[in-house]
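Asker: Sequence:
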Amino acid sequence: MSPGAESDGPRPRADGVDGPRPRADGRPLALAAIDLGATSGRVMVGLLRPSPYGTTDGGEGDSDDPTGRLELHAAHRFENRLERREDHLSWDIDALWEQVRQGLTAAEHLARELGADGIASIGVDSWAVDYALVGPGGERIGEVIAYRDDRTDGAAESVARRVDVGRQFALTGIAQQPFNTLYQLAVDDRLANAPGGSQALLVPDLLSFLLTGERRTELTNASTTGMLAAGENAWSPEMLEAAGLDEGQFAPLIRPGERVGPVRSDLARELGIGEVPVIAVGSHDTASAVLAVPAADDGPVAFISSGTWSLIGLELESPVLTERAREAGFTNERGVDETFRFLKNVTGMWLVSESIAQWEESGARIDLDDLLAAAAAVPGDRFRIDPTDPCFLAPGRMADRVADAARVIGGDEERPRTPAQLVRCILDSLAETYRDELHAACRLARRPLPERLHVVGGGSRNRLLNQLTADALGIEVVAGPMEATALGNLTLQARALGAIPHRPGSIRELVRASVELEVFAPVDCAG
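Residue numbers (numbering that gives the first Met the number 0): 0 to 526.
It should be emphasised that the hints constitute simulated quantities derived from the structure, not laboratory data. Incorrect hints may have been included.
Unchecked claim - Ranges of calculated distance between the beta carbons of each label pair, as one might list FRET restraints:
# : residue 1 : residue 2 : range
1 : Ala363    : Arg406    : 22 to 28 Å
2 : Pro394    : Asp336    : 31 to 37 Å
3 : Ala159    : Pro394    : 23 to 29 Å
4 : Glu246    : Ile408    : 30 to 36 Å
5 : Ala169    : Arg442    : 16 to 22 Å
Note that beta-carbon positions come from the ideal geometry of N, C-alpha and C, so glycine has one too.
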């Protein structure tokens, strides 16, 4: 019997998942999220203690708290680093897989220590666009090359000679970023020599394949590739042809909330876990993060998913496919429940973390909290950079590059001279960029500026940046949850298993009941 399935037994769900109902005896339901970021990874356990008033059949229930609370526990955290392999910047996917395996064993033990019957399901999310080539027998072909590698230099221009950029955007709604999967595959010379039946699996789909033996392509991540037809659950034949690809080189598409398959029996025995279902969550980490935005308002939700990248935009019911949106650099990514994230990618805390890495390589010891406190004491009217400049994309010597790019807007300094000045320059520049891009998103989507902006992800802990953003926009900034990606992953699993109602708003209700938020009012409106 699968862990967590001792109550009434599994039953089919409307979204195609057979899973356990919440236990009638009040014991919690434990779920595992594999959450991989560009610099770190984690396996998290979500412990759901359902409300005694809740329902499991999608009904409304008779309480204001139909979902209970979700407790988040870290089972295992690990680093994720780029390495140069076969003359390319690549991910050590074998090391990641080993860490994931260790994390699932730790998650099973932790779940039982917390009073559950073990983990009841698993979901996988990661960064977007990168993929592995997998042969017909399941063997990986070569390395998983990273989006920061320079192999795509010139690829966008080559594809544009076959399908012009305006047409690409009209077909897919995706901005022409140099690292898009479309361009990576267009220059991947391994494809020509791959055996028949080989397929490209995006990183979270690769992990799901290793767990289950089933090949699927989850829609939210597929939408980031530049090859999925805008607003459709199908590939764009024109874009596939432009890259020299065919549909057979991809696994079948799957919606978030559907079942990929059970954990392989041999792997389950090895890791000490049950043959529990692996559920397709919003496998693009931003899709899961935005799902966990704790919004309660009607109308479009304004958000920043803040981490290595800052993804800023609006959650909409349909894509914005105008030429003006393309020219402004916006993109339309698929979300959970047929939503669309109309957003702009802005280099985020990558600028700070890479600057710290440079200083520490020089022997300095940096405490981020102390550095932010020092930055808060620095006047904010001295320097600015353009965080969207491609010069900040690659790793290495970031503090020097930021200092060289900084323009003076006040004072006598030629450029930022201290770590505090440089970080203040970065944060002021990010806040003003957020203001400009959110205003642009609202204009392009023909929507009014919302009354509040939700900041989720690791960057939501940066109180200085939150306040600067509120001041720049003149609206409230609601910070949290920090672990939004894991929460979005876990809450969708809970809904797929029938542990919370399958109706609009139930996931965000659960998030609001489970986290503490901090609100930043613009300074000129405070008090």
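Asker: Now, for every hint given, state plainly whether the structure supports it.
Answerer: A quick look at each hint next to the structure:
1. Ala363 to Arg406: 22 to 28 Å: 25 Å, holds
2. Pro394 to Asp336: 31 to 37 Å: 36 Å, holds
3. Ala159 to Pro394: 23 to 29 Å: This hint holds: roughly 27 Å between Cβ atoms.
4. Glu246 to Ile408: 30 to 36 Å: Violated, since glutamate 246 and isoleucine 408 (Cβ atoms, about 51 Å apart) do not stay within the stated range.
5. Ala169 to Arg442: 16 to 22 Å: 19 Å, holds
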